[in-house]
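Residues per chain, in single letters:
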Amino acid sequence: MHFAVLQFPGSNCDQDCVHVLRGVLGQQAEYLWHKEESIGAADAVVVPGGFSYGDYLRTGSIAQFSPVMNAVKAFADDGGLVIGICNGFQILCESGLLPGALVRNRSLQFRCEHVNLKVTTADSPFTREVPEEKVLRVPIAHGEGCYFADEETLARLRANDQILFQYATEAGELTDEANPNGSLLNIAGICNDGRNICGMMPHPERASEKILGGDDGRLVFEGMLRHLEAEAGLGQAAVAEA
Amino acid sequence: MKAKIVITPKKAVLDPQGKTVQAALEQMGHDGVKAVHVGKYLEIELEGDAEAWRPKIDEACHKLLSNPVIEDYHFTIE
Numbered sequence: 001m002h003f004a005v006l007q008f009p010g011s012n013c014d015q016d017c018v019h020v021l022r023g024v025l026g027q028q029a030e031y032l033w034h035k036e037e038s039i040g041a042a043d044a045v046v047v048p049g050g051f052s053y054g055d056y057l058r059t060g061s062i063a064q065f066s067p068v069m070n071a072v073k074a075f076a077d078d079g080g081l082v083i084g085i086c087n088g089f090q091i092l093c094e095s096g097l098l099p100g101a102l103v104r105n106r107s108l109q110f111r112c113e114h115v116n117l118k119v120t121t122a123d124s125p126f127t128r129e130v131p132e133e134k135v136l137r138v139p140i141a142h143g144e145g146c147y148f149a150d151e152e153t154l155a156r157l158r159a160n161d162q163i164l165f166q167y168a169t170e171a172g173e174l175t176d177e178a179n180p181n182g183s184l185l186n187i188a189g190i191c192n193d194g195r196n197i198c199g200m201m202p203h204p205e206r207a208s209e210k211i212l213g214g215d216d217g218r219l220v221f222e223g224m225l226r227h228l229e230a231e232a233g234l235g236q237a238a239v240a241e242a
Numbered sequence: 001m002k003a004k005i006v007i008t009p010k011k012a013v014l015d016p017q018g019k020t021v022q023a024a025l026e027q028m029g030h031d032g033v034k035a036v037h038v039g040k041y042l043e044i045e046l047e048g049d050a051e052a053w054r055p056k057i058d059e060a061c062h063k064l065l066s067n068p069v070i071e072d073y074h075f076t077i078e
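Same order as they appear, the protein sequences are chains X and Y.
Just so we're aligned, residue 1 is where the first sequence starts under the numbering used here, counting upward by one.
Just so we're aligned, residue 1 is where the second sequence starts under the numbering used here, counting upward by one.
No lab work stands behind these hints, which were simulated from the structure alone.
All values derive from a computational prediction rather than experimental measurement.
Careful, some of the hints might be misleading.
Computed list of lysine-lysine pairs in DSS-like fashion (alpha-carbon distance at most 25 Å, straight line) [stated by the list, open to error]: (1) Y:Lys56 with X:Lys73; (2) Y:Lys56 with Y:Lys4; (3) Y:Lys63 with X:Lys35; (4) Y:Lys34 with Y:Lys11; (5) Y:Lys63 with Y:Lys10; (6) Y:Lys19 with Y:Lys2; (7) Y:Lys63 with X:Lys73; (8) X:Lys73 with X:Lys35; (9) Y:Lys34 with Y:Lys56.
Covered stretches of chain X, going by a simulated chain Y footprint (3 or more residues, C-beta under 8 Å) [unchecked claim]: (10) 14-22; (11) 74-85.
No residue lacks a Cβ here, since even glycine has one placed at the ideal position from N, Cα and C.
With the hints as extra help, turn the sequences into a complete structure.
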């Protein structure tokens, strides 16, 4: 499969993502500069972490006006798989591809540490490969990761099963102590109602190899991969039948 | 001519900066500080007709300069 990893001025997790996709998962992955107007033949898009445009104005706010984001929106509207990680999540929210917003951590501190993630639903390309009841251990590194949305939006996220990851204890319990940034409902990651766009503050690409202390994050990318393979398989089956 | 824009966090949004500043004000000895909200102030220098700019600045506030999910804004053009 072919992944496009976006690069904005100030992106800094793009290389980690390409490394995991190419080196760990053996897939094709190409950098895509933000001035590009097409995502080419990519099967999925990764909006990586970093500090796009220096976090000026608000985190992720300027990137939505980069030419490549029009192509990403069209791709996503068409059902294409898109994952935004950390600053990528902030960009997807600011672009209106995902509901809600990420605001300053309640501690006002930049938090850089491993967290435990309860996987709230297996019903998404991003969580389908996570074994039932498994709590993921993945690092975070952000100053603005506190998820906020109004009551109505939160109710809709719950009703549609759009909350994918929640900060939890090792045992998977949602507690206030386990919440590193004050996110409402301990939300660490969500998807859109079409379930093809995911945003998450934790960094799965930093936890995809045992040598880095754990490879739970790999399950997120493997889920996307299995989803794409299944779709391609269905496509081929349809061609064969015709 | 300038557009003067004030952006403040919505009441429902956690404002740890405001709380921290409030605590510092209390530390200074100021009693009766009910709440502090830390926002942003922008000045945009403009030329042309103020009334023509008004809807454009409003759109810019809505789409870029503020995030309506978490912030309120108001502005004057003078």
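So which of the earlier hints does this model not fit? 6, 9, 10, 11
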